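Chemist: Protein chains in written order, with my numbering: chain A, 358 to 660; chain B, 358 to 660; chain C, 358 to 660; chain D, 358 to 660.
Quick caveat, the hints were computed from the structure, so don't treat them as lab data. There's no promise every hint is true.
Copies of the same chain look alike in the list, so a pair counts if it fits in one copy or across any two.
What the hints assert, rightly or not - The calculated lysine-lysine pairs, modelled on DSSO-like cross-linking and capped at a C-alpha distance of 27 Å, are:
no.	residue 1	residue 2
1	Lys-504	Lys-657
2	Lys-577	Lys-495
3	Lys-484	Lys-359
4	Lys-635	Lys-553
5	Lys-600	Lys-566
6	Lys-624	Lys-501
7	Lys-367	Lys-407
8	Lys-624	Lys-402
9	Lys-520	Lys-657
10	Lys-377	Lys-367
11	Lys-624	Lys-392
12	Lys-499	Lys-484
13	Lys-471	Lys-637
14	Lys-501	Lys-377
15	Lys-577	Lys-402
16	Lys-498	Lys-368
None of these values were measured; they are calculated from a predicted model.
Protein chains: 4
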Amino acid sequence: MKPVNHIKIKKEVSVNELVKQMDSAGVLGAGRLGKAANICEAMIKDRQCKVFLGLAGPLVPGGMREIIIGIIENRWVDVVVTTGATLTHDLGEALGYRHYQGSADADDSELHKKGFDRIYESYMPNKIYEGMEDFIDKNFKKLKEKKSIKEFLWEIGRLTPNKSILKACFENKIPVFCPAISDSGIGLMIWGQLAKGKQVETRAFEDLKEIIDIAWTAKKAGVIYFGGGVPKNYIQQAMQFAKSASYGVQITMDRPESGGSSGAELKEGISWGKMNPKAKFVDLICDATIAMPIIYAALKERL
Amino acid sequence: MKPVNHIKIKKEVSVNELVKQMDSAGVLGAGRLGKAANICEAMIKDRQCKVFLGLAGPLVPGGMREIIIGIIENRWVDVVVTTGATLTHDLGEALGYRHYQGSADADDSELHKKGFDRIYESYMPNKIYEGMEDFIDKNFKKLKEKKSIKEFLWEIGRLTPNKSILKACFENKIPVFCPAISDSGIGLMIWGQLAKGKQVETRAFEDLKEIIDIAWTAKKAGVIYFGGGVPKNYIQQAMQFAKSASYGVQITMDRPESGGSSGAELKEGISWGKMNPKAKFVDLICDATIAMPIIYAALKERL
Amino acid sequence: MKPVNHIKIKKEVSVNELVKQMDSAGVLGAGRLGKAANICEAMIKDRQCKVFLGLAGPLVPGGMREIIIGIIENRWVDVVVTTGATLTHDLGEALGYRHYQGSADADDSELHKKGFDRIYESYMPNKIYEGMEDFIDKNFKKLKEKKSIKEFLWEIGRLTPNKSILKACFENKIPVFCPAISDSGIGLMIWGQLAKGKQVETRAFEDLKEIIDIAWTAKKAGVIYFGGGVPKNYIQQAMQFAKSASYGVQITMDRPESGGSSGAELKEGISWGKMNPKAKFVDLICDATIAMPIIYAALKERL
Amino acid sequence: MKPVNHIKIKKEVSVNELVKQMDSAGVLGAGRLGKAANICEAMIKDRQCKVFLGLAGPLVPGGMREIIIGIIENRWVDVVVTTGATLTHDLGEALGYRHYQGSADADDSELHKKGFDRIYESYMPNKIYEGMEDFIDKNFKKLKEKKSIKEFLWEIGRLTPNKSILKACFENKIPVFCPAISDSGIGLMIWGQLAKGKQVETRAFEDLKEIIDIAWTAKKAGVIYFGGGVPKNYIQQAMQFAKSASYGVQITMDRPESGGSSGAELKEGISWGKMNPKAKFVDLICDATIAMPIIYAALKERL
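Could you build the full structure based on these sequences and the hints that come with them?
Modeler: Now the structure itself:
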C-alpha cells in the first residue's frame, strides 16, 4: 500500500508539478485529477489508440474555447462528439459575438428585456441569433445537401470565417459528431429554412456508420469525457464495437445514483463491454472549467 | 408570510393527503413536491394549455413504465420528448424482456460474462438486443421510409406487439420526439441495417417543424421534466416559439452550478423567453422514481 | 434475480401501499425508500435491538417537528443524537414562535432589516432569541449544574412549557445527545450568561460514558440517520463499542465522494467495525423532508 | 459587462498564472476559483482583518496536512476551527502513522480483518489508536485540567513530538476550536480515561467566550471555509458578534438545497447579520483537495 503523500507547495510551482504532487497524494479529487492527467497522457502517447473526446455543458461560455481548439489542433484526439449548444456557442463566437460574465442571481426578466440569455452565470447576447441566421441563410445551399451530421458540421467549419472548434475539426480532419444537433440554436436556424419550405438532406442515423467504423477498426480506444449527456453515451455505445476502451477519463459534476448515463461510473461500462476490465480509467467529480485547464496545462508540458 | 405547518400523519394516510400536507409545510423538498403536484394538476386541468413532458434517465429500468403509459393514456400530456435509451428499454419490455434488480456494487466483469448490462443498480439482459434486431429486421421496410423521427417512433409503436410507451403514444396520437434516437440501442439496430447497405430516410431536423408548430399554435404551454438532457432542452427551445411556458415542473438530481441545461433552474428560462415571468413553476431536486409515483398518485385522486 | 416490477397506482393509494410497491420495484430511489421502510420496521420490531436516531439539517424549519416528536413518543428509538440548531429551532417553537415559508431567492439584506434569518427557504424570526434569552435567564440556575450535555438537555425539556422534541425525550426517558451544543442559538444564550461572569458545569466529554455504555450493553443495535454531521458520526463511533450495527438506514443529500463522514456510505462502516457485514442496511440519497413523512406514514400503518 | 475571456495555456504555466486566467474567464468553477484566490489574498493582506479558517472533511487523509500547517505557520489566519476527525488524523500522523491510498470499491470486511479503517478511498491503520492511547495515557494529567477545549488542544499541540496542525497552532498562538471534540478518536481516548473513573475538567461552553471575544473586538473579519459542518457554523455564529464578515470564501461539495448550514450559500448569512451585504465573497462547489493546493500555491506567489 502506498502512503498518502502530503502536497508541499514551493513558490512559483508550475501546474504540471502540482498535478504530479496531486497524483502522489493519490486520493480524493486531487489524486483523481493527478490520475486523470496521467491517463490522458498515456492514451495520447499510445500510437495504437484512437482517442474519443466527449464534450457537454457550457464549455464555450465557460472560457474553455481556446483549450478545446488547442486539443484539436494538437491532434490529441481522433474523434469529437459534442452538443448542439456547444457548437452554437462556438459558431456565435466565430461570427464575432462574445459571452459575458454575469450572475446566477440575476433578474431574469431584466435580462430578457435587455436581450441576454442566461447560462447559469454567463450571458449570451440574443442578437447572436441574427448573425447565425445570416450565416445559415448565406450558406444554406451548401449545407442542405450534406447527408450526415458530420459532413454538415465540417461544412459549417469550412465556411466559418474565423478560428473555431468546427473549423479546427474540419482543417485537421477530425470527425465531429453531434447526434442531437436539431436540439440547438443551429437546429433552430435550420428550422427557419424548413419553415420557408426548404429541404435538408441530413439523415438522423447516417453518422453511426462512421463512428462505429472508427471504433471497429481501432486497435485500441480511449475515451475522455467532460460532462455527460449524449456525447458520452454516443461514444460509449461505439465502444461496444471497439475492442472496448483501454483508457478512460470522466470528469463531470453528475452523480451515479440517479442511474442516468451522464453520471454513471466508467466501471459500469465493463458490464456492457464498453470498458475493458483491465483499462486504466478514472472518474473525477469536478467542474470541467477547473479540471480542463489544469489537465491541458499538465499535458502541454508533458507532450 | 405563511408559517411552516408541521406534517401530522394519521394512520392509513393516502398519498394525496400526504402531498397536501407537504404543500402546507411549504418548504424544502416536501414543500416543493407539494407545489409540483399542484402545478401539474393546474396545467392538466387548464384546457387552453398544451402540456409538454420531458423524460430522461432510467425510468423504465426504474419501475416507472406503467406510470408513464398511464400519463399518456390519461391524455394528461400533449407532447412527449424522451431519450433513445428510454425507448430502447420500453421496446425491450414490449418484446417480453424484463429489467432486473441488481446492485451498484456488482462485479461488472462477472455481469459481462453472464450477459447483463448494468444501469446503476438495475440489469438489462444483453439478449434484449437479439429480440430488437429481429423486430427491426422484420419491420425495417416500414420504418426506413419515415421521414421524421416522430413518424419513425409512431411506426414502432404501431408495430409493437404489446403495451408500450410508444404504442400508447401512437394509439393516443401523442407526438413523441427523440432528437438523439441514433444514440441508443434502437439506433444501433438501425445501424445494423445501414451496415448491410440499406438506406433510412429519417431526417435529423425534420421534427422541428412539428414540435415548434405545436408550441407556436398553443394558447398556453406547460412543461414537466423528469430528468434533464436533450428532452428538457428540446422542449425548452420550443418554448421560445410558444408564448413562453405558463407552467413548469422540473424534477431532477442535476444541479445548476455546472451550468448545463439539465440542471438549470427553470427561472433561467425567463431570460430566454422560454418561461413566463408570471408562470407557476417549481424546481425539485429529487430522484424521479420517488417523485413520479407520488405525483401520479396525487393527480389520480385529484383529476 | 428478481425482475423490476413496475409501480401501478390505483386511486386513493395509501402511502404504505405505495412504499410496498416501491420496494417491489426494487431499484434506485424508489427501491431504496421501500427498503429503508422495511429496515426501520425490522429494527423497531426487534426487541433486542437498541435504535439510535441521528438527526441533522433543518428538520424543524422543514415541517418535521410533529413527526420527530411522534417517533420519540412511540418509543421507536432508544437514543437521539442531534444538532444544536435543531434543538434551538425546537425550543423556539416550544416558546411559541413559528418558522415561515420563504424563498431561496429572497433579498437577504431586506430580510435582515425585517428581522428574519433565512434557512434556505424558511425564515426564523430573529425575536426568537429574546424568548430564548428569557427562558435561559429564568432557568439558568437549574441548567448550570448539569454535568453532562444530556442532563442539560433533559432539563431544558423538563422546563419547556409546551410539547417539544426535548420534552418528549425527557418525558419518555430517551437519552438525547448533542456534542456540539455550544454551536447553536442555545449555546449563544449560555454564552450570554458566561459573559456576565457566570459559570456552567457542563463537561465536553462527559456524555461519552452514557452513549458508549448504551452501545456496549445493547444486544443488537440499529442506526437511522436523517442527515449526516456530528449526529451521524457520534453514533457511528459508539457503534464500534456495540457489537457493530445490525441494521442501518441513512437518508441524506450528502455524497460519498468528498470523503467526509456525512456522505460516507454505510458499508464504509464495515471496515471500522461500526456496521456488521451481515447487517441489513441501505443508503438513500433523498431530501429528509420527503423521505421522513413517507417512512413514518408507512411505519405507522405497520407497527 | 465583462466578456468571458478564454483561457490560453502557454507551456510551463505557473499555478498562479492559471488562477489569474481563471479569474479573467470569470464564470463557473474557474471564475469562482479565481475569485476565491483574490478574496483570500485581500483578507490576508488587510491588516485590520481577523481571518477565521474553518476546516471539515478528510483533509489530512486527503494529503492537505502540509498545506494546512503552512497556512498556520505563515500566520495567514487568526483562528482555526476544525473537526475532531481532522485533529485525530493529524495527531496520528504526528505520532508517526500514515494514511494510505486505497479504493472506494474496497472489500470492507477484508479491510476490517487487516485492521484498516476506510475513509472513502484512503485508509487509516487501526493501530493508530494504540499510539494515541499511549499518548493520552502519558499526558492525561496535563490535559484533564484544561477548562476550555482550546486550551486542551493547545496542550496536545505542545506535547506532540513532531510537527502537526495543533503544534503549529500552539507555537504560533493561533486559537484552535473544536466544539465537537468528543465526537472523534481523541474523544474516545478521553472516554478511555473516564471509563477508568478519571475526571476531565474541560467545559462544553467555555470556548464561546474566546471566539466571540475575538470576533467582537475585530475591526474587520474574514471567513474561509473548506467544508461545512460545525467548523463553518461555529464561525458563522461568531460573525453575528463581529461587525459581520467583510470577506468570505466557501469551498465545499455540499449544496444549498437540503437547507443545512454546511451547504448554505454565504449570502444567506446576510439575513442573519453574519455576512456584510457589501462583503466580497464567493461560494465554490469543488473538492477541497483540488481547490486548497491551487489557492495556496497562488497565495504563496502573491503574498
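Chemist: Hint by hint, which ones does the structure fall short of?
Modeler: Hints 1, 2, 4, 6, 14, 16 not satisfied by this model.
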